[in-house]
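Visitor: Chains as they are written, first to last, in the working numbering: chain A, 977 to 1079; chain B, 977 to 1079.
Just to be clear, a hint being listed does not mean it is correct.
To be verified - Some chain B residues flagged as far from chain A (calculated, every beta-carbon gap over 12 Å):
no.: 1; residue: 988
no.: 2; residue: 1010
no.: 3; residue: 1014
no.: 4; residue: 1020
Stated by the list, open to error - If you anchor each label on the Cβ, the simulated ranges turn out as follows:
no.: 5; chain 1: A; residue 1: 1059; chain 2: B; residue 2: 1008; range: 26 to 32 Å
no.: 6; chain 1: B; residue 1: 1067; chain 2: A; residue 2: 1039; range: 21 to 27 Å
no.: 7; chain 1: A; residue 1: 1059; chain 2: B; residue 2: 985; range: 30 to 36 Å
no.: 8; chain 1: B; residue 1: 990; chain 2: A; residue 2: 1039; range: 33 to 39 Å
Honestly, the hints are just simulated from the structure, not real lab data.
We put the beta carbon where it would ideally sit given N, CA and C, even for glycine.
Protein chains: 2
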Amino acid sequence: MEIAHNFMGPGATKTMLRINENGNVVGSIIVNCEGFPETTTLDSLTAATYSNHMRNLSHHASNALKEIDVTDELTVLRLVSRKSEAVVAPDSEFHIIVVMRRH
Amino acid sequence: MEIAHNFMGPGATKTMLRINENGNVVGSIIVNCEGFPETTTLDSLTAATYSNHMRNLSHHASNALKEIDVTDELTVLRLVSRKSEAVVAPDSEFHIIVVMRRH
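Bound conformation, chain A alone (with noise of 0.2 Å):
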């Protein structure tokens, strides 16, 4: 699997390359803090969009857990649907966005 658009380093391609030795994993997007994807092995499109609504559904998710309890912080948000399965596990600098097929 190509890794493109890396501005990020050694270790952020190793990481990735970890995780997509993975089968089930169709790719993944490291996001940076201004919701733009920085380095990815999908497609341009596909990864703009799931950036996009995974930054906004973390940030919606981590605000409502604030809510609940001020000293509580977001680790992962979980998506399974039908098809597919969608991790984010939300940083103060990158997100890291893993979209995954069903097995």
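Following the hints, position chain B against chain A.
Guide: Positioned in the frame of chain A, the structure of chain B alone reads:
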């Protein structure tokens, strides 16, 4: 664990009791299509807060998924935070929300 405000019949009670048998489960809520808790093992305020947020989130997630693939459908949304884990399984008539402690 006591099940409060049960207007749902023995099927729902049985399912909730089965879920609550799991040692990691803090409580569960059945939310109706209008977003109000029908049955819960949590206190009213916690149940109302979770119902409101998790229903909104699953609605957003469902819309995002439809934009990625119109034929796809949300099965489960899972929020993992540092302190707890909340799962919502949406359905046309009822949503079930389960709140768990992290192990």
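Visitor: For every hint, state whether the structure bears it out.
Guide: Results for each hint:
1. 988: Correct as stated: the minimum Cβ-Cβ distance to chain A is 22 Å, above 12 Å.
2. 1010: Holds, because the least Cβ-Cβ distance between residue 1010/B and chain A comes to about 19 Å, which exceeds 12 Å.
3. 1014: Given that every Cβ of chain A is farther than 12 Å from that of residue 1014/B, nearest at about 20 Å, it holds.
4. 1020: Holds, since 14 Å exceeds 12 Å.
5. 1059/A with 1008/B: 26 to 32 Å: At roughly 27 Å between Cβ atoms, residue 1008/B and residue 1059/A fall inside 26 to 32 Å, so the hint holds.
6. 1067/B with 1039/A: 21 to 27 Å: holds (25 Å)
7. 1059/A with 985/B: 30 to 36 Å: Between residue 1059/A and residue 985/B, where Cβ atoms are some 32 Å apart, the hint holds.
8. 990/B with 1039/A: 33 to 39 Å: holds (35 Å)
In summary, this structure violates none of the numbered hints.
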